[in-house]
Amino acid sequence: MSTSKIAWINDSYGKMTKYNFFSRVNWGRFSVVSVPYLWLAIFFFIPFVVVFKISLSEAAIAVPPYTPILDWNLEEAYVTLKLSLSNYLFLLEDDFYLSAYLSSIKVAAISTFFTLLVAFPIAYLMARSEGSMRALLLALVILPFWTSFLLRVYAWMGLLKKNGLINETLMSMGLIDQPLIMMQTDFAVYIGIVYTYLPFMVLPLYSALEKMDMTLLEAAEDLGARPYQSFFLITLPLAMPGVIAGCLLVFIPAVGEFVIPALLGGSDTLMIGRVLWDEFFLNRDWPMASAVAVVMLIILVLPIMLIRNSQGKEGAV
Amino acid sequence: MKRRSLFLNTSAGLGFLFLYAPIIALIVYSFNASKLVTVWGGWSLKWYVELFNNEQIIDAALLSFEIAFITATLAVVLGTMAGFVLSRFGPFRGKMILSGWISAPLVMPEVITGLSLLLLFVAMESAFGWPAGRGTGTIIIAHTTFCMAYVAVIVQARLSSMDESLEEAAMDLGAKPSSLFFLVTLPLISPAIISGWLLSFTLSLDDLVIASFVSGPGNSTLPMVIFSKVRLGVTPEVNALATLMILVVALGVIGAMYQMRRQARLLAQPDN
Chain A
41 MSTSKIAWIN DSYGKMTKYN FFSRVNWGRF SVVSVPYLWL AIFFFIPFVV VFKISLSEAA
101 IAVPPYTPIL DWNLEEAYVT LKLSLSNYLF LLEDDFYLSA YLSSIKVAAI STFFTLLVAF
161 PIAYLMARSE GSMRALLLAL VILPFWTSFL LRVYAWMGLL KKNGLINETL MSMGLIDQPL
221 IMMQTDFAVY IGIVYTYLPF MVLPLYSALE KMDMTLLEAA EDLGARPYQS FFLITLPLAM
281 PGVIAGCLLV FIPAVGEFVI PALLGGSDTL MIGRVLWDEF FLNRDWPMAS AVAVVMLIIL
341 VLPIMLIRNS QGKEGAV
Chain B
74 MKRRSLFLNT SAGLGFLFLY APIIALIVYS FNASKLVTVW GGWSLKWYVE LFNNEQIIDA
134 ALLSFEIAFI TATLAVVLGT MAGFVLSRFG PFRGKMILSG WISAPLVMPE VITGLSLLLL
194 FVAMESAFGW PAGRGTGTII IAHTTFCMAY VAVIVQARLS SMDESLEEAA MDLGAKPSSL
254 FFLVTLPLIS PAIISGWLLS FTLSLDDLVI ASFVSGPGNS TLPMVIFSKV RLGVTPEVNA
314 LATLMILVVA LGVIGAMYQM RRQARLLAQP DN
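Going down the list, the protein sequences come from chains A and B. Just remember that my numbering sits 40 ahead of the position in the first sequence, which is counted from 1. Just remember that my numbering sits 73 ahead of the position in the second sequence, which is counted from 1.
What the hints contain is simulated information worked out from the structure, not anything from laboratory work. There could be a bad hint or two in this list.
Capping the alpha-carbon separation at 25 Å, the derived lysine-lysine pairs in DSS-like fashion look like this [to be verified]: (1) B:LYS168 x A:LYS202; (2) A:LYS93 x A:LYS122; (3) B:LYS108 x B:LYS249; (4) B:LYS302 x B:LYS119; (5) A:LYS202 x B:LYS108; (6) B:LYS119 x B:LYS108.
Go ahead and model the full structure; you've got the sequences and the hints to work with.
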């Protein structure tokens with residue numbers, strides 16, 4: 041929501057809001073608000089409470105596979121509340137989890153940076169093009185976004201593997217003698233993230249650059265600024281809201297990414313989304329998986345709040 | 074200026090190459106007669122034939138289409154309500170919370186959404202017996218929840234960029250709130266609703282992680298089947314499947330662009 045929008049709402053609140061009409065028919069208004077509200081409360085908010093609750097219980101061989109937190113027996117008149125912090129203690133003690141969190145953040149940060157590098161020229165070219173050229177470039181950026189994420193990751197498997205297209209091409213050109221090991225490395229994971237999240241970076245950058253006044257660059261050139269100077273002193277600061285929004289849109293989901301490390305990464309590519317998946321599907325330790333999710337959420341709360349603010353200002357996405 | 078344009082064009086061109094090279098390679102290799110990626114065995118449609126004879130893939134695809142269709146329809150109804158409430162109702166109590174709940178699912182890592190919804194379904198089942206077991210129904214609920222957030226954002230963007238004068242005029246002429254919405258606002262935001270529906274459909278069709286958490290035994294969606302196949306390596310049938318999906322999407326996007334340009338040209342023409 042833009043600032044002018046907020047102003048409009050505040051403005052019209054005093055006068056007669058178009059749908060202020062509903063305030064007289066309070067029930068209609070109330071029910072329209074409460075349907076999406078209730079849905080999100082039940083299926084988005086309460087699940088987090090449940091995850092938090094289960095992270096405080098212990099794994100058990102039962103259905104469902106965890107111990108109850110609250111136990112009562114009316115005949116013998118007792119109520120016990122059993123909260124266990126053992127999952128969190130285990131998370132802190134075992135180096136495995138700590139290094140998984142750190143390496144997810146590292147992988148997400150590096151990939152976000154490279155996504156920005158690849159996306160900037162595309163967004164800039166789009167912002168400077170006109171008419172049908174601009175529409176064409178925009179469609180070219182959006183088109184892959186509409187095709188399957190899973191299949192786009194899969195496409196890289198055929199290119200990167202040992203006897204894949206890249207290695208074969210390089211070897212037939214005589215540039216290398218031995219195939220490069222690219223699959224099942226961190227490098228492949230970076231490629232996968234940059235590739236699949238590129239539109240999320242290009243679109244907010246484009247919407248920031250589109251608003252830029254190009255005459256500023258001409259003025260800078262007239263005043264003797266070199267291209268790199270006007271880039272760092274004018275273009276980049278003006279594009280900053282788009283840069284921040286784009287980086288957050290890539291970074292946050294990349295931290296918890298599962299599909300890309302599972303398909304392109306090696307067994308030593310430690311990412312927390314994959315750890316959570318294995319904890320749940322292989323070890324069937326639901327409380328531990330919940331604790332991993334709670335800590336991931338705590339790490340991501342700050343960037344998620346930031347994205348809300350930048351969305352509020354820019355209306356990106 | 075000229076030097077920088079060259080630099081800009083080259084780097085943007087490389088970016089587009091990066092974006093399209095894997096897709097083009099995938100399409101070309103789907104027509105390769107040889108099973109090996111490295112050996113070109115001549116053009117062939119054999120993998121397409123195998124794809125359509127693979128019952129597991131066809132069944133999973135039908136299930137995924139059914140889920141995506143219901144999800145997109147539910148998400149459009151709920152998401153339009155949410156987007157409308159957020160941009161046309163003025164301030165109300167709890168508005169900040171609602172807008173937070175709308176924007177958070179867009180970036181939430183899928184493993185967290187999937188795990189939390191599964192645990193909710195399990196807890197609900199043991200508390201009041203619903204949903205009994207997991208399957209198509211729970212996948213639809215999970216997909217609707219994150220798709221409605223996308224619809225709400227699209228609808229909200231459309232509403233806030235739209236001129237309010239038509240709605241004001243209708244109100245001045247005495248339209249009731251319901252007829253105001255269904256006769257004036259809804260037709261005006263229909264492009265946003267259509268793109269929200271299509272986006273929800275593709276997002277639901279594509280989701281692997283959340284569906285894996287909330288589905289039950291015997292309810293494998295298309296991405297779940299693809300994932301278990303490609304985990305073991307490159308499969309030519311999947312290349313064929315990917316090519317078909319890319320073709321459908323490309324035709325859809327080109328069609329939408331053509332329609333939009335035609336509309337823009339019609340609007341630009343002066344009335345006689």
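Next on the checklist: Of the numbered hints stated earlier in the document, which are not met by this structure?
Outcome noted: 1, 3
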